[in-house]
Amino acid sequence: MSWSRDEIAARAAAELRDGYYVNLGIGIPTLVANFIPAGMRVVLQSENGMLAWVLSLRGEEDADLINAGKQTITELPSSSYFSSADSFGMIRGGHIDLSVLGAMEVGENGDLANWLIRQGGQGHGGAMDLVAGVKRVVVVMEHTSKDGSAKFKPRCDLPLTGANVVDKLITDLAIFSRADRHSSFRLLEMAPGVTLEALRAKTTAGFLSP
Amino acid sequence: MSLPTGPKVYATAASALAGVVRDNITVMSGGFGLCGIAENLIVALRDSGATGLTVVSNNAGVDEFGLGMLLRTRQIRKMISSYVGENKEFERQYLAGELELEFNPQGTLAERIRAGGAGIWGFYTRTGAGTLVAEGKEQRVVNGETYVLETGLVADLAIVKAWRGDTEGNLIYRKTARNFNPMMASAGRVTVAEVEQLVEPGRLDPDQIHTPAFSCSGSSRARAIAGRSKIAPRASSRLQELAHELVAR
Numbered sequence: 003m004s005w006s007r008d009e010i011a012a013r014a015a016a017e018l019r020d021g022y023y024v025n026l027g028i029g030i031p032t033l034v035a036n037f038i039p040a041g042m043r044v045v046l047q048s049e050n051g052m053l054a055w056v057l058s059l060r061g062e063e064d065a066d067l068i069n070a071g072k073q074t075i076t077e078l079p080s081s082s083y084f085s086s087a088d089s090f091g092m093i094r095g096g097h098i099d100l101s102v103l104g105a106m107e108v109g110e111n112g113d114l115a116n117w118l119i120r121q122g123g124q125g126h127g128g129a130m131d132l133v134a135g136v137k138r139v140v141v142v143m144e145h146t147s148k149d150g151s152a153k154f155k156p157r158c159d160l161p162l163t164g165a166n167v168v169d170k171l172i173t174d175l176a177i178f179s180r181a182d183r184h185s186s187f188r189l190l191e192m193a194p195g196v197t198l199e200a201l202r203a204k205t206t207a208g209f210l211s212p
Numbered sequence: 083m084s085l086p087t088g089p090k091v092y093a094t095a096a097s098a099l100a101g102v103v104r105d106n107i108t109v110m111s112g113g114f115g116l117c118g119i120a121e122n123l124i125v126a127l128r129d130s131g132a133t134g135l136t137v138v139s140n141n142a143g144v145d146e147f148g149l150g151m152l153l154r155t156r157q158i159r160k161m162i163s164s165y166v167g168e169n170k171e172f173e174r175q176y177l178a179g180e181l182e183l184e185f186n187p188q189g190t191l192a193e194r195i196r197a198g199g200a201g202i203w204g205f206y207t208r209t210g211a212g213t214l215v216a217e218g219k220e221q222r223v224v225n226g227e228t229y230v231l232e233t234g235l236v237a238d239l240a241i242v243k244a245w246r247g248d249t250e251g252n253l254i255y256r257k258t259a260r261n262f263n264p265m266m267a268s269a270g271r272v273t274v275a276e277v278e279q280l281v282e283p284g285r286l287d288p289d290q291i292h293t294p295a296f297s298c299s300g301s302s303r304a305r306a307i308a309g310r311s312k313i314a315p316r317a318s319s320r321l322q323e324l325a326h327e328l329v330a331r
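Chains as they are written, first to last, in our numbering: chain F, 3 to 212; chain W, 83 to 331.
If you are wondering where the hints come from, they were derived from the structure by calculation, not from laboratory data. Please read these numbers as outputs of a predicted model, since none were measured by experiment. No false leads were slipped in.
Computed cross-link-like contacts, DSSO-like style, restricted to lysine-lysine with a CA-CA straight-line distance of at most 27 Å: (1) W/Lys170 with F/Lys72; (2) W/Lys219 with F/Lys137; (3) F/Lys204 with F/Lys155; (4) F/Lys137 with F/Lys72.
My request is simple: use the sequences and hints to build the entire structure.
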């Protein structure tokens, strides 16, 4: 058994704390918005220039109002808008508490690779700035690639988005975390039915057992 | 009543670009995805027939719309962007070696444009340290952190999209359509703003101006046109559908 995309997102939502300013990447990370605990005040930042948003209801779409995933969104009474330069000043300046983003590869040394999907690539968007500036970086991804090869590996083979930037890794099979950026990753939790042997068979990165 | 110091106002995008667009110039084009792009000016740029353009823009439009149109006509020689997915023609030209591409991290791109418009030659940033982005660039270690030297960007022409503007060149953007537009308005030697509502001076609250007129004029000639059309929202993604379902439950 493995965790679904929603279950992965729900586990990433456990990283949220009251009062956090959070940037969610495209894909599974965006789903984290659906699992903010009731009563917790979390402000979502969208790097194209907005603080405090929710996905828009059908019929409320506004062409001038999108998030970084280019989904139409809706403003809240607490919302604010700003330029891309101000937005990345916020990110680079360390004013965002948590970044949840996807990855193609994570190295056991905390390196992250999440761009250049194909030859030619698509570009890094805002991810490089996020991992360089946000206080805590949580990666959510499928544990292996479609051909079954490991994505959590000793070193990334793809071009890096950031060196030694990942604090926590949540996959469909397991959760790994480390105390600080000098420490090794430790296994925290496995999806129901996943054994340590099966997990190690799908992981080439070294990690500490619970 | 417009004063002689303000930007010229043009009735059409083509007339606003006349005499400014030449082959091989650098053009900054505002917008994030298709949000906040100067769509009429992009059409006029296409119709100008200018080639060999270097275009600074966060994205490259989609195949049928925005900067994607200039790719189809092969008018762009080089793109400086942060993300160019969603555009098959871009990928085809790049892989065939027909198009030069410089990827910048999005925040670095925004800051390079801001710096260029603010007269800052370069700046050091942690973004990209230890990655391909840092290769060939000067780096400094300060307090144990590695910083990469990035340079400011300016352009021969900036085309920006604003919601409201006055004939002095003061601009107000709307919601997330602001994005790269304010920095680009400052970084163009000539800036042309496509505005949805063009008003006389005094009709905009001076305390709420996002781009003051000097950013559009300064040492350059600023030009404004009134454009009315709005961009259709992108089709809802699967995630959005999911969000709707969750809300509906």
